[in-house]
Amino acid sequence: MSFDIAVTLQRGHVRMTYEFAAGPGLTALFGPSGAGKTSLLDAVAGLVRPIEGRIAVSGATLFDRAQRINLRPEKRRCGYVFQDLRLFPHRCVRDNLLFGWKRVSPDERWLGIDVALNLLGIGHLLDRMPATLSGGEAQRVAIGRALLSAPRFLLMDEPLASVDADRREEILRLIERIRDELSLPILYVSHDRAEVERLAQQIIPVEPAHSAA
Amino acid sequence: MSFDIAVTLQRGHVRMTYEFAAGPGLTALFGPSGAGKTSLLDAVAGLVRPIEGRIAVSGATLFDRAQRINLRPEKRRCGYVFQDLRLFPHRCVRDNLLFGWKRVSPDERWLGIDVALNLLGIGHLLDRMPATLSGGEAQRVAIGRALLSAPRFLLMDEPLASVDADRREEILRLIERIRDELSLPILYVSHDRAEVERLAQQIIPVEPAHSAA
Amino acid sequence: ATRSEDAPIVLAAASLQESMNAAADAWEAKGHRRPRISFAGSSALARQVEAGAPADLFVSADEAWMDELESKNLLRSGTRSSFLRNTLVLIAPTDSKTILAVRPGMPLAEELGSGRLAIADPGGVPAGIYAKQSLTNLGLWDSVRGKLAPAENVRAALALVSRGAAPLGVVYGTDAQADPAVKVAGVFPQTSHDPISYPVALLDSSRNPDAEHFRQFLISSEGKAIFRRFGFGTQ
Amino acid sequence: MSGLSPAEWEVLLLSLKVSAVAIAAALPLAFGLAWMLARWRFPGKVVLDAVVHLPLVLPPVVTGWLLLLTFGTNAPMGRFFAETIGLTFLFRWTGAALAAAVMALPLMVRAMRLSLEAVDRRLESAARTLGAGPWRTFLTITLPLALPGILAALVLGLARSVGEFGATITFASNIPGETQTLPLAIYSALQLPGSELQVARLAALSVLLSVGALVLSEWLARRSGHGKGRHVL
Amino acid sequence: MSGLSPAEWEVLLLSLKVSAVAIAAALPLAFGLAWMLARWRFPGKVVLDAVVHLPLVLPPVVTGWLLLLTFGTNAPMGRFFAETIGLTFLFRWTGAALAAAVMALPLMVRAMRLSLEAVDRRLESAARTLGAGPWRTFLTITLPLALPGILAALVLGLARSVGEFGATITFASNIPGETQTLPLAIYSALQLPGSELQVARLAALSVLLSVGALVLSEWLARRSGHGKGRHVL
Ligand SMILES: Nc1ncnc2c1ncn2[C@@H]1O[C@H](COP(=O)(O)OP(=O)(O)OP(=O)(O)O)[C@@H](O)[C@H]1O
Ligand SMILES: Nc1ncnc2c1ncn2[C@@H]1O[C@H](COP(=O)(O)OP(=O)(O)OP(=O)(O)O)[C@@H](O)[C@H]1O
Ligand SMILES: [Mg+2]
Ligand SMILES: [Mg+2]
Chain A
1 MSFDIAVTLQ RGHVRMTYEF AAGPGLTALF GPSGAGKTSL LDAVAGLVRP IEGRIAVSGA
61 TLFDRAQRIN LRPEKRRCGY VFQDLRLFPH RCVRDNLLFG WKRVSPDERW LGIDVALNLL
121 GIGHLLDRMP ATLSGGEAQR VAIGRALLSA PRFLLMDEPL ASVDADRREE ILRLIERIRD
181 ELSLPILYVS HDRAEVERLA QQIIPVEPAH SAA
Chain B
214 MSFDIAVTLQ RGHVRMTYEF AAGPGLTALF GPSGAGKTSL LDAVAGLVRP IEGRIAVSGA
274 TLFDRAQRIN LRPEKRRCGY VFQDLRLFPH RCVRDNLLFG WKRVSPDERW LGIDVALNLL
334 GIGHLLDRMP ATLSGGEAQR VAIGRALLSA PRFLLMDEPL ASVDADRREE ILRLIERIRD
394 ELSLPILYVS HDRAEVERLA QQIIPVEPAH SAA
Chain C
427 ATRSEDAPIV LAAASLQESM NAAADAWEAK GHRRPRISFA GSSALARQVE AGAPADLFVS
487 ADEAWMDELE SKNLLRSGTR SSFLRNTLVL IAPTDSKTIL AVRPGMPLAE ELGSGRLAIA
547 DPGGVPAGIY AKQSLTNLGL WDSVRGKLAP AENVRAALAL VSRGAAPLGV VYGTDAQADP
607 AVKVAGVFPQ TSHDPISYPV ALLDSSRNPD AEHFRQFLIS SEGKAIFRRF GFGTQ
Chain D
662 MSGLSPAEWE VLLLSLKVSA VAIAAALPLA FGLAWMLARW RFPGKVVLDA VVHLPLVLPP
722 VVTGWLLLLT FGTNAPMGRF FAETIGLTFL FRWTGAALAA AVMALPLMVR AMRLSLEAVD
782 RRLESAARTL GAGPWRTFLT ITLPLALPGI LAALVLGLAR SVGEFGATIT FASNIPGETQ
842 TLPLAIYSAL QLPGSELQVA RLAALSVLLS VGALVLSEWL ARRSGHGKGR HVL
Chain E
895 MSGLSPAEWE VLLLSLKVSA VAIAAALPLA FGLAWMLARW RFPGKVVLDA VVHLPLVLPP
955 VVTGWLLLLT FGTNAPMGRF FAETIGLTFL FRWTGAALAA AVMALPLMVR AMRLSLEAVD
1015 RRLESAARTL GAGPWRTFLT ITLPLALPGI LAALVLGLAR SVGEFGATIT FASNIPGETQ
1075 TLPLAIYSAL QLPGSELQVA RLAALSVLLS VGALVLSEWL ARRSGHGKGR HVL
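Protein chains in written order, with the numbering used here: chain A, 1 to 213; chain B, 214 to 426; chain C, 427 to 661; chain D, 662 to 894; chain E, 895 to 1127.
Just so you know, the hints here were simulated from the structure itself, not pulled from any lab data.
Please read these numbers as outputs of a predicted model, since none were measured by experiment.
Hints should not be assumed to be uniformly reliable.
[Stated by the list, open to error] Straight line, CA to CA, 30 Å or less: simulated DSBU-like cross-link-like pairs of lysine-lysine:
hint, chain 1, residue 1, chain 2, residue 2
1, C, K456, C, K650
2, E, K939, D, K678
3, B, K315, B, K288
4, E, K911, D, K706
5, C, K573, C, K523
6, C, K609, C, K523
7, C, K498, C, K609
8, A, K102, A, K75
9, C, K573, E, K911
Build out the structure end to end from the sequences listed, making use of the hints.
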């Protein structure tokens, strides 16, 4: 199983439960706004601590409350494209892209910098500061940063929301190649039905959360 | 003419020129990422000062360098849904929604609060702080805030980027009603071809910017 | 009671705090308004007078600042007089065994050992200037100049000795008398330094009739007797 | 520690009055300066910055002396205030307040400047498009977002003014009931041998006063608590 | 103003040394305290906060006395330092540096705390997912983002330590060449009538020293300039 998840999360007064086991390939999370998709990705990345349950990716347990396992985020090796991007504002685009890249050994890397710059069309932005980027430019840098950190699985939260059609097509093809050639497990959130249907091996519906008593 | 625009903008080393006159209804700006769509909306809202040219909306001149006219943003009465949302982080959702609403006289308002809450599905969020909202929730609050300020024209920068399909349909219908029943001029940015084709009376292509010498 | 706003304002050197308060109490006991007294360093008080502060009487710890004010015509002529005298003593903590006859060649540096001699700052504070003068005249200055602990004022020097931070110190006789934690280990000869005198004068800007009366009380034999209780000499 | 003597009460209340007036007067001035330093660009900005820091750099006694030269009865500024609004400083509690305000100013300016520089200007422009003029935007967006710095300025300024000694005794003198604030009373007590208990009591009062201000500011900060929420990790 | 006399040079260099050592020593401690106050929750946090503010609230002379009682030759802390690392403070320049550091501490803690509290924690979590451990994240994300506060702390701390007088003269005494920093030299000069010129020269030196620090910090701030960019309005 690429993702083996059975957890309960608490956010504010809302409690959310997820339970699914996904096979290889790309797994799409599909559900209305506020259902808890981002919360789940945060939990898989190790940024939110579930109150209950177990998370395993490609057979490795990342979290298991019963066994008191809770891998630190930096040990999970996920490539997380945040819904709110989170580019480092004090570092230029180049430094943002290389932040994760510098922290893995060369033989683990599976994406070349030049290939990434080319496919994402951000080669001309390297010296710019994030605050000066347009919405789509920033989003592509965020994708590049996550991919270049040579992750073992991907968490993508609406990564193409403000990317234009031509570029979107190229990036979709890149994601398909990552999925097929590297067989990296991918957890993918999108509101675009067509996108999801094209990419996903499995679609996991996320039900709206209910207020805990 | 609802939008009568002929301006040149400078951003960093990039210079962008726009020239079009749009009839009534919704005008979509369509172009690749980084072409300058957001920059144009900023200029129409009065947040970026063009280095040259003229901007008029519904016959009223907002900016004219030759005539030294440059209306302050607060006098332009635009309803701007920002690409980066810009909710006020220190105020709850209710205060965000009412920020503009409180500043117009009651007879100018054209959208009831209850209607807005209902259509946008944000009635249950009123007491929450923006930092606790999900991506789509925040986006809907940003739309509500702009609409409730009773603007005379709308600037919408990918307002539906992270809104789910059902809600999107409802909001699209609301925009159509605003466009048709109130005949408010709307300048609309989206990367979704289908959305644009459904909404727009006119599509203005925005060409990628070129570096100024 | 009378409104204290109308009471004269007396500027007095900080080292006079106990004695001047006692004098003011005595004055009040005689049915007068108690003057309001500001205790601070003589230099600060004199500068306040120069800036036009609405004070009535100035009692300085040295003649230099009084001279300065007189040269600027800020004193009421004929009201200046030096009415108090003090002595300079060597002190040690009460439990110390040191007793020294203060004379040329006395083994001051040896007594200090690795400790320091607490004095008021010889760079400007009157008690420190007198101490330097004495030690120089006694030929001891060079042997102790590297072993000094100059303090902000004479009372701070006193405290350094009474808390054991310094084994010896040079202060006024009145200071030594005030602190039971120190004892007088030696007295500097009057001839080794300029006379230590405290001048008083009415300020030219004074409009308060009580001020002149209080000044006369201070220099009267009744007033001087109060100061003698605190160890001052009078003249 | 037993109850306070009347003399101690007098000193405490005077200190409170002096500090409160000093900070109330310094706050708008400090904010104005912080605003200029954070938001404006003008020639001589470094000079202004340096002047604001002066009371911090100079020994307090020198600051007191400079105040004496500036606000003395015969000095131009002193005469100006006396003649226009009948306000004199020398030997008056107003002088102690002026000294405390001047000494607290640099701390207050820095804290507020730090917060003002961190305010996201994009939020201000959003408020403008929603019909708020510059002034309204300032009141509803900038000011509340800079609140942490303003509260820090209040606490620092109050603490500094409660502890102010050197400039006060030099400028306003040490007159009981008029300019003898807590630090000056402590100084007077320190002049007397064997006054440790008295000094300790007065010092404890200073500390209590400032802890009060501290707790108040933490409470205000929490109450307005920007609801950062959604903290991850 | 003509060149400096050898005595003035000595005072200036000593002041520089004392301030530099004081701030270098205080910086990590102040940062640690700022971190605890900004990031941790623990019982007695208000107490720690109050203790940090103490040197600001108490008159400097009292702080000097407390230092004397704590770090004096016979005091436990004083003996501890003397016996373990051979470091003594009383009447030594190290004592002047200790006094300056203690007096500067509250200002430094506040400035750094203000900036630390403003750091967006979501950026730290992003760094974690990219493989940076807590320490690396701190160095590459938190620290640079808190830089404005750290620079402000440096400037405030340096200015405050250059101006420190009361605690220093009480604790370390006024020994030329050993503990006589600029403010102490100024104090000595101020005691004598007609010393205005000498005072002015020394005060000007203090100001120059601090302006230097100020300009340096502004330059550092600009160089690291977070590239806020895209300012609208
Ligand atoms: N600190 C909080 N306090 C209260 N509720 C919270 C908090 N944080 C998140 N929530 C709620 O948790 C729910 C799940 O949020 P999440 O961001 O996971 O949604 P999502 O599925 O990603 O939505 P979207 O598609 O809009 O991004 C939402 O209803 C959100 O309002
Ligand atoms: N401060 C700046 N310095 C340099 N270039 C800038 C700056 N601000 C904006 N730009 C550039 O201006 C161009 C136009 O940006 P704009 O945000 O208007 O694009 P956009 O059409 O909205 O793109 P998107 O669809 O990605 O949001 C982009 O190439 C952007 O990189
Ligand atoms: Mg989400
Ligand atoms: Mg854009």
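For each hint, the structure was consulted:
1. C:K456 / C:K650: holds (16 Å)
2. E:K939 / D:K678: holds (28 Å)
3. B:K315 / B:K288: Within the cut-off at roughly 15 Å; holds.
4. E:K911 / D:K706: holds (28 Å)
5. C:K573 / C:K523: holds (20 Å)
6. C:K609 / C:K523: At roughly 10 Å apart (the allowed maximum being 30 Å), K523 of chain C and K609 of chain C satisfy the hint.
7. C:K498 / C:K609: violated (41 Å)
8. A:K102 / A:K75: Cα-Cα ~15 Å, so holds.
9. C:K573 / E:K911: holds (22 Å)
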